[in-house]
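Number of protein chains: 2
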Amino acid sequence: MPEEKKLILVTNDDGYRSEGIKRLASALKKIGDVYVVAPDRERSAASHSLTLHRPLRVEEVGQRVYAVDGTPTDCVTIAIGSILPGRPDLVISGINKGSNLGEDTLYSGTVSAAMEGTILGIPSAAISLDARRDFDFKAAAAFAVKLGRRILKNTLPPETLLNVNIPNVKKIKGERVTKLGRRVFGEMIIEKTDPRGKKYYWLGGDMEKWEGGEDSDFHAVTGGFISITPLHLDLTNHSSIEEIKGWKF
Amino acid sequence: MPEEKKLILVTNDDGYRSEGIKRLASALKKIGDVYVVAPDRERSAASHSLTLHRPLRVEEVGQRVYAVDGTPTDCVTIAIGSILPGRPDLVISGINKGSNLGEDTLYSGTVSAAMEGTILGIPSAAISLDARRDFDFKAAAAFAVKLGRRILKNTLPPETLLNVNIPNVKKIKGERVTKLGRRVFGEMIIEKTDPRGKKYYWLGGDMEKWEGGEDSDFHAVTGGFISITPLHLDLTNHSSIEEIKGWKF
Numbered sequence: 001m002p003e004e005k006k007l008i009l010v011t012n013d014d015g016y017r018s019e020g021i022k023r024l025a026s027a028l029k030k031i032g033d034v035y036v037v038a039p040d041r042e043r044s045a046a047s048h049s050l051t052l053h054r055p056l057r058v059e060e061v062g063q064r065v066y067a068v069d070g071t072p073t074d075c076v077t078i079a080i081g082s083i084l085p086g087r088p089d090l091v092i093s094g095i096n097k098g099s100n101l102g103e104d105t106l107y108s109g110t111v112s113a114a115m116e117g118t119i120l121g122i123p124s125a126a127i128s129l130d131a132r133r134d135f136d137f138k139a140a141a142a143f144a145v146k147l148g149r150r151i152l153k154n155t156l157p158p159e160t161l162l163n164v165n166i167p168n169v170k171k172i173k174g175e176r177v178t179k180l181g182r183r184v185f186g187e188m189i190i191e192k193t194d195p196r197g198k199k200y201y202w203l204g205g206d207m208e209k210w211e212g213g214e215d216s217d218f219h220a221v222t223g224g225f226i227s228i229t230p231l232h233l234d235l236t237n238h239s240s241i242e243e244i245k246g247w248k249f
Numbered sequence: 001m002p003e004e005k006k007l008i009l010v011t012n013d014d015g016y017r018s019e020g021i022k023r024l025a026s027a028l029k030k031i032g033d034v035y036v037v038a039p040d041r042e043r044s045a046a047s048h049s050l051t052l053h054r055p056l057r058v059e060e061v062g063q064r065v066y067a068v069d070g071t072p073t074d075c076v077t078i079a080i081g082s083i084l085p086g087r088p089d090l091v092i093s094g095i096n097k098g099s100n101l102g103e104d105t106l107y108s109g110t111v112s113a114a115m116e117g118t119i120l121g122i123p124s125a126a127i128s129l130d131a132r133r134d135f136d137f138k139a140a141a142a143f144a145v146k147l148g149r150r151i152l153k154n155t156l157p158p159e160t161l162l163n164v165n166i167p168n169v170k171k172i173k174g175e176r177v178t179k180l181g182r183r184v185f186g187e188m189i190i191e192k193t194d195p196r197g198k199k200y201y202w203l204g205g206d207m208e209k210w211e212g213g214e215d216s217d218f219h220a221v222t223g224g225f226i227s228i229t230p231l232h233l234d235l236t237n238h239s240s241i242e243e244i245k246g247w248k249f
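Keeping their order, the protein sequence lines are chains U and F. Just so it is clear: in the first sequence, position 186 is 186 by our numbering, and no numbers are missing. Just so it is clear: in the second sequence, position 114 is 114 by our numbering, and no numbers are missing.
These aren't lab readings, by the way, just hints derived from the structure by calculation. Treat each hint with caution, since some may be false.
The list cannot tell twin chains apart, which means a pair is met if one copy fits it or any two copies do.
As the list claims (entries may be wrong) - Below, in silico cross-link-like pairs of lysine to aspartate or glutamate (DMTMM-like), each with a Cα-Cα straight-line distance of 20 Å or less:
{"id": "1", "residue 1": "LYS153", "residue 2": "GLU242"}
{"id": "2", "residue 1": "LYS22", "residue 2": "GLU60"}
{"id": "3", "residue 1": "LYS146", "residue 2": "GLU243"}
{"id": "4", "residue 1": "LYS198", "residue 2": "ASP69"}
{"id": "5", "residue 1": "LYS198", "residue 2": "GLU59"}
{"id": "6", "residue 1": "LYS146", "residue 2": "ASP89"}
As the structure is a computational prediction, the values presented were derived from the model and not from experiment.
Work the whole structure out from these sequences, hints included.
What follows is the structure, encoded as structure tokens:
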């Protein structure tokens, strides 16, 4: 019995030419009509920004593939508002070249695209591959299909997206539902001097340590498991409202 | 009795030349030694991104005023890691020209600078002025001093920052500790055609409706109250972990 055709929006922050998005879109065709609406170039630094100060252009660069001269968040907004033939059943962002763990979720363009889908009321997920080179998208793309099928069947809890990180290993051990871990910051900045004697600075010198228990995303991925973290969008720290209410100004 | 001199980092996403940051820095001198480390130009679209693919330059543009060719997050990182004479006691970001309410907190460069301070373990707050024109920074700057004093005295709950929005009115009614409200999205996209017959798109056509109860940030600010929302950094939706664990792949 054939599965009912669903409408699926695929996006990313590496741009529509990225191998990760091509593999993702191709795999997801098994479970729906796939539209790719993605940045026209790498937008990894864009995080969760909306382009409001200039108009956006959309170019149809292939069959059901559109390039937008904006951020991942722009792409989701414009895809749902103007490009797609209807409201999508699913938004999947990725497959990102590199993991998005812990506080990365606050910076990540890949995750922010899925957040935007969630804000607009569409079940959404972000998928990232935990590697710096020798990316093997095969297992990640195969898992995206399983995940997409599962989300379409079960639906997600309200205002919740899934942040998925996949280990770049031949033999994946399984899936773990996790919490976000935390980076441990060491020396963040490397100071150098240019040939003209002027200083310059590189960020991110020593950012690769993590903390978090066995239920953390980092622990799962480094152990060879797929990490699935449910995220929500409400940054309110409800538990400290009463304390702050006691402050006198 | 003079107050103990504290070390205060001031930043923003509008750039070091912005009137909002000048007013803020000037006012905060009442309670500490103020260093301004801010982007060299407007970086409102930068959100929570770190510049990792190129080195950063820092220019001393005034007494204890430094311009960085990067994002607000870069500024906080480099200020704490390299520029300041010691670890700051307080990070205040702002005063932003325009409110940062509800989901804005996920996009905002102003808020992300305060998040970065929090990630690095410094008590931090973001201050935004709810106006689109005729910005009156006086009340906001005065409140920043009260707030800074209060944070230095009480300290903040762990891993918590304060997101403050100030109404742009002559007579502020007081302060409210609030939760983040939610945007209600209407028509997001305006499609137009250029003189050469090619389409282009403006985002944000109809984004100015909000929902949320009387305890929401939006409700407070539009009612003439200063809104203070405690935020945390953990996007994990802990309450849905068990549900997702029940999924079969």
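Verification of the hints:
| no. | hint | in the structure |
| --- | --- | --- |
| 1 | LYS153 - GLU242 | between (39 Å within a copy, 17 Å between copies) |
| 2 | LYS22 - GLU60 | within (15 Å within a copy, 45 Å between copies) |
| 3 | LYS146 - GLU243 | between (44 Å within a copy, 17 Å between copies) |
| 4 | LYS198 - ASP69 | between (35 Å within a copy, 14 Å between copies) |
| 5 | LYS198 - GLU59 | between (42 Å within a copy, 10 Å between copies) |
| 6 | LYS146 - ASP89 | within (15 Å within a copy, 48 Å between copies) |
Hint compliance for this structure: no hint is broken.
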